[in-house]
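Engineer: As a plain string of letters, each chain reads:
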Amino acid sequence: MDILNHINYWAAIALAAIGLYAVVARANLIKKLIGLSLFQTAVFLLFITVGKITGGTAPILDAAYEVYSNPLPHVLILTAIVVSVSTLAVGLALAIAIKRDYGTVEEDEIHAEDSAAGPDKA
Amino acid sequence: MSAGHLPILQVAIPLIAAPLCVLLRRPGLAWAFTTLVSWALFAISILLLIRVLADGTISYHLGGWAPPFGIEYRLDAVNSFVLLVITGIAAVVTPYARQSVAQEIAAPRHNLFYALYLLALTGLLGITATGDAFNIYVFMEISSLASYVLIALGPSRRARAAAFQYLIMGTIGATFLLIGIGLLYMMTGTLNLADLSVRIHEVPDMRPIYAAFAFVTIGVLIKLALFPLHIWLPNAYTYAPTAVSAFLAASATKVGAYVLLRFVFTLFGQEFSFERMPLMEILMPLSLVAILVGSGVAIFQTNLKRLFAYSSIAQIGYLALGISFASTSGLTGAIVHIFNHAMMKGGIFLALGCIMLRTGSVELSALNGLGRRMPFTMAALVIGGLGLVGVPVTSGFVSKWYLVQAALEADLWPVALLILLGSLLALIYVGRVIEAAYFRTPAPEAPAYREAPWQMLLPTWILIAASLYFGVHTEITVGVAERAAATLLGGAS
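Chains as they are written, first to last, in the numbering used here: chain A, 1 to 122; chain B, 1001 to 1493.
Honestly, the hints are just simulated from the structure, not real lab data.
Idealized CB from N, CA, C, for every residue including glycine.
Mixed in with the good hints, there may be bad ones.
Said to hold, decoys possible - From the structure, some residues in chain A lie toward chain B, with a derived Cβ separation under 10 Å:
no.: 1; residue: K32
no.: 2; residue: S69
no.: 3; residue: L72
no.: 4; residue: E113
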């Protein structure tokens, strides 16, 4: 089965699509951020999958093993996870500030408040 | 000895300075420190450009680890020129920021503001200096995260909504870039740009490489804000604190253009990007639409920051148009425009900051009769605006000259006509500014505004004067840009 051989890739694609859909289709800012995190996590899965080598073991040098998994993608993703967490933190902080200023975290209500206030008035 | 470490100092100094800045609780102190750092960076970038022009490409190995395993900072004519533009803008905007920031941001937050500003600068410089694909992603996120917060510091609550929108778009763009880099790594096993550009030709017909190209290009175009991926830009520039608008408008999109140049020409190569992949067919119509729509929408704006934000979208169109020709004159035009647009748009936003400081508004109606009250500020705004139109003697003329020449060389005279049409549209929106400032009388109840303080006028005029100077003395900018174009197109560096 071709799909089962590449199950990780399919999972990454599915997660990325679900995440992006949530970002686009949901008006709630928190739900958008959840979608964004899901999308980023899908990319992590893609990277980790690339690092896997069939039959490879953990990259610790030992006379008993010949084939090792590639550790570099893991290291990259460690950095990317930090980036993703920081993005989420900044996003949530902004959502809190928006809730404080507008009294809502629904995008359509924010737009409604903005247009009710007139062009470019605070 | 120490001169050998200049490439890393360019990035390390602001990175270390940012947390130090948080400790400086006195607003004046944080500002003075940031100004000092930005001047030091400007000096370093001048030294680096001189060295690159004299001795060719500089390769710096981080921690002494040889590439492709270690991270390499690789400076050639292209990125040392972009470094000069960014640090130059920072060196002018930072001294200016003091009064503008004092008006728009609460005093206890000033040290945090300057720390974020330095982080944004770190990210932009890092993207430009590095020769490692993953490094580009990390620095892009550093600069983006800092810019989201800087924008959110704007006085209006809409700044927060604009920052959130930018965060969503920007993160999607950066993640697309990450996917592209992951696919490239999967196929070539390397992240070093120079190494990638060699190895990629061993596997050019594999589908992941095509997918990587698409992901990288779209990711960068979001950062560059090319139509139709520009929707985050107008709100972000309109509601950000004015000093931030000036800094980001003059530097962030330029770095986006640089990353596009780097990936399209150095990494994928001209042959792959323009013959196997239809980059010209995609980029050219989009940039023409950007020019016309951006300028067209700008005409109908009443908020000046928003007006010039839409004008930025049009100017980004010119940049992308130059890239899409993939010819020496097209690239020269694009690279010269990186420089010229940074000067003009930086100067314009700084002038808007002066108006904001005195009148408390950047609505077009606030300009009524301001030509007499604030003659120096308004003159700067008008000259900058004429530069956007591309009037001869301004530097905007130089970039458009090369773009039109590139269009004619490629036998695309309708494109040349559309470039001229874009200039006419720009003339209309700049004309509205001139009309309000010089031909309308101020409202009777309007107070007699004084001219802006010299600490703000001087930086504004430095940028405007630079845009005039390099409109007449083109040999420096065009000379460097031609060498950069030759480097990108695979000629001698």
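Engineer: A separate judgement is required for each hint: does it hold in the structure or not?
Structural biologist: To see whether the hints hold, each was checked on the structure:
1. K32: This interface hint holds because 6 Å falls under the 10 Å limit.
2. S69: violated, 14 Å
3. L72: Holds, about 8 Å.
4. E113: holds, 9 Å
Of the numbered hints given earlier, the model fails hint 2 alone.
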